[in-house]
Structure formats: structure tokens, C-alpha cells
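**Q** Each chain, letter by letter, is given below.
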Amino acid sequence: MESKYVLTRSGDDLFSVAVDSPADAQALAARLREAADWVEVIPGIASVVLRFDAASQSSDAMQHTLEDVMASDVPALPISDRLVEIPVVYGGRYGPDLDAVSHAIGLSPEEIIAAHAAGEYTVDMLGFTPGFAFIGGLDDRFRIPRRQEPRQRVAAGSVGIADGRTGLYAMASPGGWNIIGRTSYPLFKPDDEDPFVLSAGMRVRFKAVAAEEFGE
Amino acid sequence: MSITVVSPGLQTTLQSGPRIGKRHLGVPANGAADPLSLAMANKLVSNAWDATAIEATLLGPTLRFDSDCAFAVAGARARLTLSGQVQPPHTTLFARAGEELVIGGLEIGARTYIAVAGGLDADKVLGSTSTNLQAGFGGFHGRALQANDVLKFTAAEANRLRTPKRFRPEMTASWAVHACKSVETELLDVDSLMNLFDGNWTVCRRADRMGLRLEGPTLSIDSEGRMPSAGVIPGTIQCPEDGAPYVLAADAGTVGGYPRVAQVARADRHVLGQLRPGDRLRLLRREPDEAVAVLRAKIDYWQEWLPDIAAILS
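Protein chains in written order, with the numbering used here: chain A, 1 to 216; chain B, 217 to 530.
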């Protein structure tokens, strides 16, 4: 069967499908959720990982479902018309890596803040820790790898950059992104049915605010 | 009804079943690192298999029962005393108000479970009461237990039971788990692939609810380190550029950026919760369908004692 995707079986209860982009991963994931009852559908940056219930589902049947969807036209997901503006306090104690980033990429902290807050971005995916958002579309001048030594604890609301993306920590967690600021915008509402405010496909802007607006 | 923590042990948390179906939101599994032992303890006090219980790690807690209750202990081998009297694991036990349960250092295996009839009260977040230590939610205020914490519960009746010998999971310092190839296994050279599945691995000091680093033959991997973040689950074995494999466990993040070189079979993922630093580990290579057969055989075997075994081995 001709398909633009590459399928790999992994372990006894996982499949992985390689795709070209985060948007393709989200679109394929949405179709696969409709097509079968998976235990987990995990879209990544360039893949979708699927977990089925090997105790009650046949791997052959799940693979056939998967191949059928892969051979069909998978419609792109509609562009979200929702634009979320996230206020960020850049630098200082909220953005402890701003100076290091400035040094590494040769832009002044002011230029970094101006450029970061000027862009309009798209949430590529959630993943890693609860509600953590991978936000694509970062200015090319921001090419910087993750920190050599990940931090044991990064505060909730932290705004990091790495590998051409902005990462937004919805909750405190260990992490290795270069933290340039922090937002007080509530990203996790535990009592809501949809507890994470951001979702894949959503459009995002950042707005530089003073620390006083942080409510401290 | 309540239990007071007199001393917490090394890392004692409240755990129940995993968080399932939310990895696309970044929500990890959490839950008992060894769900089979959790289910054993709960069975002995007539609870649902995934009622909230206490998970102790390497060094157990001292607990004071503030009210009469039935409880049971199952998992890693440890000496347990109630009011100074040695008590058996895998047995329904009855405590009087004021009695102290002392669980010392775990001798074989890494985690033991203390279940109380009726199940413990805990914060339910994102579908489970299990503690998520990294983000700090679920369980008891999202953290490991500390001295003077008071654990509440509504007491329930429990039938007196003992786990039959043949259903007690064996504890050892030398483990073997079934494993299959994963998505990036082909990045290993031929020798490394052989070493991964035939080598003798030792669990490093860095072994916790996030994952376990293995020490042994250095694997040679054709990668520049990080790859685009892709889905992982407990039991995924990653190989960073330093060549030391890292086995993801219950609290691991939902996506990872290192090559995935093997996947522990679903049947044996519960074993990962019992691996302690210094333990030996072998990965028994199986084709995916052979690993499914192992799972189904295991389900058939345990079904008689634990009717929910398929869910327990999730």
C-alpha cells in the first residue's frame, strides 16, 4: 500500500508513524482517534506513537486500521482562530538564562525580548510534563540547544527556548530549556474538564510586562 | 479514621492506578511503580485493586494507627513489626488504635505497599489519586509523606486472607524482563544490539520513579544525541549519546528526545518498580507477538487470584 508515512512496530503494544511536521502529527492523531479505540495516541514533533491494549486487541487488526488511515487522505486540522496573548516578565529572577542566551546568540537581552514578543506562534504539541507546550515558529536567530545541565525544578509558568521553539511550563517540573521569562497566566486549571489552557494548533503571542504586573 | 506518619522512610507516597490516555497532554502515568504488588496488598483488605495505598521505597516508614483497622503489606521483602511483634507480609493484619507499624529497610526488591481496608483518602487529579512528585499534585498534597502527616480513611470490613505461595511475586536481586525492539533500535551497531539484549546490566544509583540508568557494556549508537521529541511510555529504553541505556518508569515524561532502542514488554513492566541500585537485569529479546503471548499467559496465570489482572498489568 502506498503511503507517505513510515510505520514501525515498537514493543508488543506500540506503533510509531513517522510524519513530516507537528501539524501532520496532530492531523493524523485526530483521524486515528476516530478510527479506533487506542489506549494512547501521542503526537510528537515528527511522529505519532500509538498504544493499543495487547490483552484485548489484536495487533494485526490495529495495524490494518492504522494502514487504512495512513492510505487515506488525512485532512489538515483547521487553523485555530483563537489567539492567546501571554504576558511574560522577561529576565531577572524570572528568566535566569536570558543573559546566557544573549551571550550565546549574540543579541542583547532587549533585542531578544523585542523579537520574542513580536512574533506570532503556533502550539505544535503538548507533552513531556502535564500541559507543557511546544510552541513553534521561533525567529531563526534564536537557534540554541537545551542547557547542558537540566534543572531539577523549573517553576510553573516558565518560558524557555531551545531547538527553535518556545517551551511553556504549565506546571513545575525538571527541565532543560533556557528560561528567559515567566508568565502568571494560568495554564493549568485542575478542576476544568479541559484542564490545560493551551492545546495543539492554538495561536500564541507573548507580551512583555513589568514584574509588578505579575502580582508580586 | 486516620494513620499518623511517625517517620516517613526514604520516599513514601500515596499511589493508586496509573493516569491513562492523557499522554498527548503531557500527563505521565504515575501510579504504583509495581502495580502487581499494590493489587496484592489491596486484595488482602478487600479493596479494589487500585485503591489508594502507601508505596514505600528502599526504607519503609513507621506509622501509627489512630483507629482500629485492617491492613496488609506486599511487595519488596522487609521486616515489619506491629507493636514490636514481627508480622507476616501477604496476610490480612488487624491493628488496634495506638499501635505502631514499623517497616525497616527493604531487603530484596525496591518497593513495598501498605494497604488499609477502605483505601486511603487522597487528592484525585487528572483521573487518578496517584502522586505526581514532579509537578506536585495528587496523593497527599502532591508530595512524599513527612513526619506528622495524618492520612485519613473510611474504615471498611476485610476478610482474613493470605496470598497463596504460588501467587506471591518472587523478589530477587537478579531480574530478567522480556523486551522488544523499538523505533530507533536500528541506530545501534551489530555488537551493541547483541550486548543490549544479551548483556548483563546493573541498575545504577540513579534509579527512581522517573527511570533507571543501566550500567554494563557501552552501546555504540549512530546518533547526534537529541532527536525530535517523540512519544515514550514506561518501559521505553532510551540510549543517550553516552551509550548508557535509561529505562523509563512510571513518572517519566510523555515524550523524549533520545533514541528509543528497546521496549520492555507490557507483561513485565511491573517488575521495573522492584529494581534497586545494584540489582542485575537482563533483557530477554522477544518478537512483539511472542511478548503478547507472554502477557496473555501471565494474565491466565494470575486471573484466579486477581480477576483484574489485565488492568493491573496495564
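Read the hints as simulated data drawn from the structure, not as lab findings. Hints are not guaranteed to be accurate.
Covered by chain B, according to a simulated footprint, are these stretches of chain A (three or more residues, beta-carbon under 8 Å) [what the hints assert, rightly or not]:
#, region
1, 71–83
2, 90–99
3, 124–130
Computed beta-carbon distance windows for the label pairs [stated by the list, open to error]:
#, chain 1, residue 1, chain 2, residue 2, range
4, B, W521, A, E149, 31 to 37 Å
5, B, D407, A, Q63, 43 to 49 Å
6, A, A100, B, G494, 34 to 40 Å
7, A, A61, B, S390, 34 to 40 Å
8, B, Q519, A, P190, 35 to 41 Å
9, B, S436, A, A118, 52 to 58 Å
10, B, S390, A, H64, 53 to 59 Å
11, A, P174, B, K368, 28 to 34 Å
12, A, A118, B, I324, 39 to 45 Å
13, A, E149, B, M410, 44 to 50 Å
14, A, D99, B, K368, 45 to 51 Å
15, A, A71, B, E503, 34 to 40 Å
In this text the structure is predicted, and so the values were computed from the model without any measurement. A virtual CB, placed ideally from N, CA and C, is assigned to each residue, including glycine.
**Q** To test your reading of the hints: which numbers does this structure violate?
**A** 1, 2, 4, 5, 9, 10, 12, 13, 15
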